[in-house]
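S.K.: So the protein lines, in turn, are chains A and B. Under my numbering, the first residue of the first sequence is numbered 1, with each subsequent residue one higher. Under my numbering, the first residue of the second sequence is numbered 1, with each subsequent residue one higher.
Derived CB-CB ranges, DEER-like:
#, chain 1, residue 1, chain 2, residue 2, range
1, B, Val-96, A, Glu-56, 47 to 57 angstroms
2, B, Lys-2, A, Gly-363, 17 to 27 angstroms
3, B, Thr-22, A, Arg-318, 16 to 26 angstroms
4, B, Glu-15, A, Asn-240, 44 to 54 angstroms
5, A, Asn-477, B, Lys-2, 43 to 53 angstroms
Examples of chain B residues lying across from chain A (beta carbon under 7 angstroms, computed):
#, residue
6, Leu-16
7, Val-40
8, Asp-50
9, Leu-54
10, Val-95
These are computed hints drawn from the structure, not numbers from a lab. Bear in mind the structure is a predicted one, so any value in this text is a computation, not a measurement. Backbone N, C-alpha and C define an ideal beta-carbon position, used for all residues, glycine too.
This is what each chain is made of:
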Amino acid sequence: MRYLNLPLVEINKLLKEKKIKPIDLVNEAYENIEKHKEYNAYITLNKEDAIRQAKELENKEVDNLFFGIPIAVKDNIVTKGLRTTAASHILDNFIPPYDATVVEKIKERNMIIIGKTNMDEFAMGSSSRTSYFGPPKNPWNKNKISGGTSGGSATTIALRDVPIALGSDTGGSIRQPSAYTGIVGLKPTYGRVSRYGLIAYASSFDQIGAMTRNVYENALLLNTIVGHDDKDLTSSKKENEDFTRLIGESVKGKKIAIPKFFVSEIVSKDILDNIKQVVKILEENGVIVDYIDMKYVENTVTLYQIIAMAEASSNLARYDGIRYGYSYEKPNNIDDLYVKTRANGFGEEVKKRIMVGSYLLSGENAKTYYNKALSIRDDIRKEFKRVLNDYDWIMGPTTATTAYDLDDPMDDPSKSFLDDVLVMPANMTGLPGINVPIGFGKDNMPIGLHIMGDSFEEAKLYQIASFIEKELKLDLNPWKGEENE
Amino acid sequence: MKDKLSREELLHVAELARIELTEEEIEKYQIHIKKLLDDVEKIKDVEGYDEEQLIAPWSENTHLREDKIGEMYDPKEVINRAPKHSGNYIEVPVVVGESEGA
Numbered sequence: 001m002r003y004l005n006l007p008l009v010e011i012n013k014l015l016k017e018k019k020i021k022p023i024d025l026v027n028e029a030y031e032n033i034e035k036h037k038e039y040n041a042y043i044t045l046n047k048e049d050a051i052r053q054a055k056e057l058e059n060k061e062v063d064n065l066f067f068g069i070p071i072a073v074k075d076n077i078v079t080k081g082l083r084t085t086a087a088s089h090i091l092d093n094f095i096p097p098y099d100a101t102v103v104e105k106i107k108e109r110n111m112i113i114i115g116k117t118n119m120d121e122f123a124m125g126s127s128s129r130t131s132y133f134g135p136p137k138n139p140w141n142k143n144k145i146s147g148g149t150s151g152g153s154a155t156t157i158a159l160r161d162v163p164i165a166l167g168s169d170t171g172g173s174i175r176q177p178s179a180y181t182g183i184v185g186l187k188p189t190y191g192r193v194s195r196y197g198l199i200a201y202a203s204s205f206d207q208i209g210a211m212t213r214n215v216y217e218n219a220l221l222l223n224t225i226v227g228h229d230d231k232d233l234t235s236s237k238k239e240n241e242d243f244t245r246l247i248g249e250s251v252k253g254k255k256i257a258i259p260k261f262f263v264s265e266i267v268s269k270d271i272l273d274n275i276k277q278v279v280k281i282l283e284e285n286g287v288i289v290d291y292i293d294m295k296y297v298e299n300t301v302t303l304y305q306i307i308a309m310a311e312a313s314s315n316l317a318r319y320d321g322i323r324y325g326y327s328y329e330k331p332n333n334i335d336d337l338y339v340k341t342r343a344n345g346f347g348e349e350v351k352k353r354i355m356v357g358s359y360l361l362s363g364e365n366a367k368t369y370y371n372k373a374l375s376i377r378d379d380i381r382k383e384f385k386r387v388l389n390d391y392d393w394i395m396g397p398t399t400a401t402t403a404y405d406l407d408d409p410m411d412d413p414s415k416s417f418l419d420d421v422l423v424m425p426a427n428m429t430g431l432p433g434i435n436v437p438i439g440f441g442k443d444n445m446p447i448g449l450h451i452m453g454d455s456f457e458e459a460k461l462y463q464i465a466s467f468i469e470k471e472l473k474l475d476l477n478p479w480k481g482e483e484n485e
Numbered sequence: 001m002k003d004k005l006s007r008e009e010l011l012h013v014a015e016l017a018r019i020e021l022t023e024e025e026i027e028k029y030q031i032h033i034k035k036l037l038d039d040v041e042k043i044k045d046v047e048g049y050d051e052e053q054l055i056a057p058w059s060e061n062t063h064l065r066e067d068k069i070g071e072m073y074d075p076k077e078v079i080n081r082a083p084k085h086s087g088n089y090i091e092v093p094v095v096v097g098e099s100e101g102a
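Just need the whole structure built from these sequences, with the hints factored in.
M.R.: As structure tokens, then:
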């Protein structure tokens, strides 16, 4: 019998009734992962500790919905005593001395960390192919990418190895792989979830969020990881709330804006057709959908490149071969240690972004590029706020195409940025965004819808996403056939 | 517009980033870094924007921690992570004196 495919509430019921034990779930998770080994979703497994934890839980009361539930954690979120690499050679021996705040929170609920998921190195990329440990493969077609940068978390959820995972999103890294693999992923409002213990890439964009099989469970998982944290000065003091509370409420009379750029010729016909289908359903249910012009949207990638690379060059200056991580063995002097540690420790994408970022921040360039980008960023935020005064949500496709081939060339350095053109505005503005699966392309690969809402209105995002999910009733389990094994 | 950086330009950027490059990388990055720098040039075409800057998108005032001693890590736990350490000290290579090849 397989239990991990059941809804969380049903698993919880079985645990409470003592019909199953946490160890059954842990064993099943590792059986699944073993069976799906070639998908390369994990960098490090936590087997020994997970089994020990599951056994300890047998003597404890099942006190919350997530008690004993196996969870996968992206490998840029630090876990005490459990190797955390950010998919980089420079950290491939790094055992953190502390837990990220989100990890403390999931441990408080007695969730069981199954392993650390594969990703693009330092979350730089869009296909998880920059991982030092090789890329994860798409559960719907092994020859395709799972997207990135949270590609491993997306893969393991789509494979139904475990029901819940954490990812991080700097320019689309939760939502884009969620779209490519047919799962639900939400990037919360900037400040909603503590970034303490998230290995920094671009600090003013980075945000941790939930990746799940469906909308309801995404809201449930978000409930457990939010909240102010004294260790992250950008974390919000907003009261915690129940993010499921608007699920099932009517969407009649609500208003959605679709920026024309999001449905322009950059998007494949296949995806546009699916979006039109969703618009039709929404309109039939009394939702008002308008196609609107929005200023600066087409500049997002350029701004992202400038701000993200600049912040990255500063954040990754800490990898010096002295305090932790990989260190070049025989340096002549300290400069030699720096340049050779970083030369051997970082992969190509990371090196390129640090180099461009260092250039953008040097001397007068800071004014020409970085400061100007911050000014336009402020205008973009105002523009989105303006639209969200009149509309409940802003919507568009999550990606311009479905997942592409793993062996597609990586010779265009701009490609990894352009892949996220439709989802970057949420990071630029700090607004929350969710991916919800809406169908399949002619290539049988999943297609995702991206919905943005106003700051701290995640509950409303779940409301509309859940409505669409319910209307479409898609079968999103690529392992349907295995159920009866 | 030229389609690659000169060797000197690229090595300057690599020096800023404290990254040593192989010959193979130099050749490749002369083109790739140039492409990325061309991308960011597009910002020069954006006009009519407001000077006000958004450094990070949080909507509340920054609140600082109270100035009191909190939870601390065991120094050994932290120092042990350093590639070279001795007692409670982290070892580093010579900072002045010996230069490369000396």
